[in-house]
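These protein sequence lines map, in sequence, to chains D and F.
Position 274 of the first sequence, counting from 1, maps to 274 under full-length UniProt numbering, and the rest follow consecutively.
Position 474 of the second sequence, counting from 1, maps to 474 under full-length UniProt numbering, and the rest follow consecutively.
Because the hints were derived from the structure by calculation, they are not lab data.
Glycine is no exception: its CB is placed at the ideal position from the N, C-alpha and C atoms.
Do not rely on the hints blindly, as some may be mistaken.
Between beta-carbon pairs, the in silico distance windows are [claimed, not checked]:
id	chain 1	residue 1	chain 2	residue 2	range
1	D	Asn-433	F	Asp-225	39 to 45 Å
2	D	Glu-464	F	Arg-500	51 to 57 Å
3	F	Lys-462	D	Glu-206	15 to 21 Å
4	F	Arg-500	D	Gly-430	25 to 31 Å
5	D	Thr-439	F	Arg-101	33 to 39 Å
6	F	Gly-81	D	Thr-439	30 to 36 Å
Covered by chain D, per the in silico footprint, the following chain F stretches (three or more residues, Cβ under 8 Å) [as the list claims (entries may be wrong)]:
id	region
7	343-355
8	415-424
2 protein chains.
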Amino acid sequence: MNESARGRRRSGGRDMRRSERGTGATRGVHVPYITRGIPTYDVMGEENLLKIEAAADRILAETGLEFRDDPEALDLWRRAGAKVEGVSVKFEPGMLREIVRTAPAEFTQHARNPANNVQIGGRNVVFAPAYGSPFVMDLDRGRRFGTIEDFTSFIKLAQSSPWFHHSGGTICEPTDVPVNKRHLDMVYAHIKYSDRAFLGSVTAAERAADSVEMVRILFGADMADRNCVIMGNFNVNSPLVWDGTMTRGMREYARAGQGTILVPFILGGAMGPVTSAGAIAQALAETLAGCALTQLERPGAPVVFGNFLSSMSLRSGSPTFGTPEPAIGSMVIGQLARRLNLPLRCAGNFTTSKLPDAQAMMEGTMSMLSAIHCGANYILHSAGFLDGLLSMSYEKFMLDADLCGALHSYLKGVQVDDDQLAVDAFAEVGPGNHFFGCTHTMGHYETAFWDSELSDNEPFEKWEAAGSEDAASRANKLWKRRLAEYEAPALDEGVDEALRDFVARRKAEVADMWY
Amino acid sequence: MNESARGRRRSGGRDMRRSERGTGATRGVHVPYITRGIPTYDVMGEENLLKIEAAADRILAETGLEFRDDPEALDLWRRAGAKVEGVSVKFEPGMLREIVRTAPAEFTQHARNPANNVQIGGRNVVFAPAYGSPFVMDLDRGRRFGTIEDFTSFIKLAQSSPWFHHSGGTICEPTDVPVNKRHLDMVYAHIKYSDRAFLGSVTAAERAADSVEMVRILFGADMADRNCVIMGNFNVNSPLVWDGTMTRGMREYARAGQGTILVPFILGGAMGPVTSAGAIAQALAETLAGCALTQLERPGAPVVFGNFLSSMSLRSGSPTFGTPEPAIGSMVIGQLARRLNLPLRCAGNFTTSKLPDAQAMMEGTMSMLSAIHCGANYILHSAGFLDGLLSMSYEKFMLDADLCGALHSYLKGVQVDDDQLAVDAFAEVGPGNHFFGCTHTMGHYETAFWDSELSDNEPFEKWEAAGSEDAASRANKLWKRRLAEYEAPALDEGVDEALRDFVARRKAEVADMWY
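So here's chain D without its partners, still in its complex pose (with noise of 0.2 Å):
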């Protein structure tokens, strides 16, 4: 990390205090993103992390990987001295590593509220909501098809909560907008009622170049190109396939020196061994080529070392979620990226549950819990997943929030200093009294514990009188009052006007498409 990072750091964790002192809680308590005051978890040692760097390498070499529908990217591989045959690419040990050494180990993304801006890297730990859902659901009207309402509901969601450091991306598919044009309406809702940094569109390349257009005239033509205002995010198509579709996209981000996230897409037994130790030598293989392509493309282009492990049912085939496996592969992903000094997307908060239920935050916790001990420094799908990353849940999405909030008090980890030893307040108290009032505690209760704005604490009369309400339930009512006092964020209205005309013409230029 550079001395301007550092700083940056610190200064964060200045004003991170300041203003709780200033609200006096540790409720809501807005920080661009979080710097960790706990180790990461490695839980693999040196000779296990070098097989499976082998292993990476011998898939690499023996099997290779394919890049179709992307001449481009083949002549890049072919000038960088892989071996190129047809649409297969092989690689000699240590090559890849050798060409990802361009890639920054931290860099900011702007957003277009400076105080907003993400540091992604290092010991910095970024949230966005979950992302790709074609359907989304609420206790009152269940399951359904997502749409551009939906769409922005979530942004505003995201927005009015402090938990959040990013905007995400696709948070679910606005299905009735035409498959072709959607992505304008997406980056658009993400400027217009966001003012934070946000993902746009992959799915295609000319659909990547409007998104980088889209932010050229946000942020200015001079600073979009000098700076990363905007990331993608692209899957591999595991087992060992990058697709044109996605490496066009990624090279267009990268050659406009903007962001982009690779990630791997390993359902344990479908698209990768069952075995863990075999997943993660692929997503190894799969990732450190994706990114080596953005260096090739552009040296420096800010990459994140994606992954996403996950497991399947013995019994149906069916894929799981918030299952301990991938909780624990995580973990040795981690630890591989940041021997590769990249910074690293991990996991998320996922679950198979249909419903807001003990299910799903029992996934949810242990899958979120491993981003975080793993080390990842933008955790996408922080919140809002059901149904195995099939719909995007309204209640959720509250519970998700909550938790990501706690998260930040968990990440602080024990502060060791006098006033916080209490040395003093032992003399003061003394064996058998209790601390309600004495100084320390009265300096300190404020601010001194997470202050969860949905779980009930109360006794179990008083929670009785109150109606019995599960957090389902009060998670229900909590994201329609949010919605309803949603303010949008200020946007100069030139530029706002510049969105909506290149929006227009670009609507205007094709015919629509649905499928």
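Model the placement of chain F on the given structure of chain D, informed by the hints.
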């Protein structure tokens, strides 16, 4: 760890793999205890650990602890060189550390079925049900006072689950039995309905003695006098007070060579400082003094370093559980216990939710994972709690048991060898093809992943067609089925009769007490 413990662990590992192959499933393979394959999560550096130890030393030397209503304990302290004035006892820095050196780092608690003996300490993890609730709950009948029938039902549910290693103690208070006699029924129920190790009574010295007497009948006096066959869980009356009821009971266990678990009860801001560092220093002081007292009573007596940290609501002053501060604080406590070379009891599955809902499993999972990560060797409260420790819930018990099962897989970590790395599978499958039918998948799919009994992984439509049940409803059905199918493990007729005689005789000796 000594050689025999190491041999034991290796053999435990072998047995586990063998039984997995035998049954062909990751569901329901009972192991006597888990030996962790992942390291502990050490979140604090040496410098801060030393500061916390110094703060504890200062509390012990300057403020001291009170040992009330136990003149013999005061005598022991006086003889050991502590500074005793009235009931106040102060300790020179380092004195208690020296005394606890005689305590074993690892020991065996014997079960009546030797296959269920548990190894406490080292890399081993033992799960036991929750302990001490006056109330019980289920979805059909709501909240009510616990009875001996509830108590027995929970023992049966734990015994029928492969995911517990220990039967626990006061799973709920059997409030329909007189206070001064219920320990007899509880100990008898553990012996009769479970063949796993368990905890005896601690609420009075003579009840502790009764508990020890009953295991002497069960195991035979000779065996019971030479081995740890029962343990008791004793609480500090935090802050800084050890009550005579507790110290006389724990000395009773220690004198008989039986195990004690010594646990502060610190709700931050009430029984200790609101700041984590201070609460941890206090916990260290309190527990260390308790552990040392057992060693003064009988050097070498097995003792477990216990921990209980919690937080409170900043608005109402209500205790809160499953919150981030105690979760991180527990990791520090784990580091401190290992520096003392003592087995550790930590955290458990805590929540203030009044229902087996999203809140319950969010808080419970965060809290339970902290027990796993901090290196706890004995995890009391693994299953059942709702309502801030006040209620045992039948449904929550089943959900938590499922989480305990998942943690069996989690604690294995990621195995790395050629087979796990699937080196040949990549060549067999190749880019773009799926792994469903490949040789490697066929050889592993039955045992590769944790197979939850309660999580629904089906597609939405199938789940909906099956009745759209939430996790709590599935848990409701499961506990009823388990109780209906329960079969008691065989118990020698003569032993059973001798135990029943003992219970009847002791009950006849005194009048009922109801409070």
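We went through each hint and held it up to the structure:
no.: 1; hint: Asn-433/D <-> Asp-225/F: 39 to 45 Å; verdict: holds (41 Å)
no.: 2; hint: Glu-464/D <-> Arg-500/F: 51 to 57 Å; verdict: violated (40 Å)
no.: 3; hint: Lys-462/F <-> Glu-206/D: 15 to 21 Å; verdict: violated (38 Å)
no.: 4; hint: Arg-500/F <-> Gly-430/D: 25 to 31 Å; verdict: violated (48 Å)
no.: 5; hint: Thr-439/D <-> Arg-101/F: 33 to 39 Å; verdict: holds (37 Å)
no.: 6; hint: Gly-81/F <-> Thr-439/D: 30 to 36 Å; verdict: holds (33 Å)
no.: 7; hint: 343-355; verdict: holds (count 4)
no.: 8; hint: 415-424; verdict: holds (count 8)
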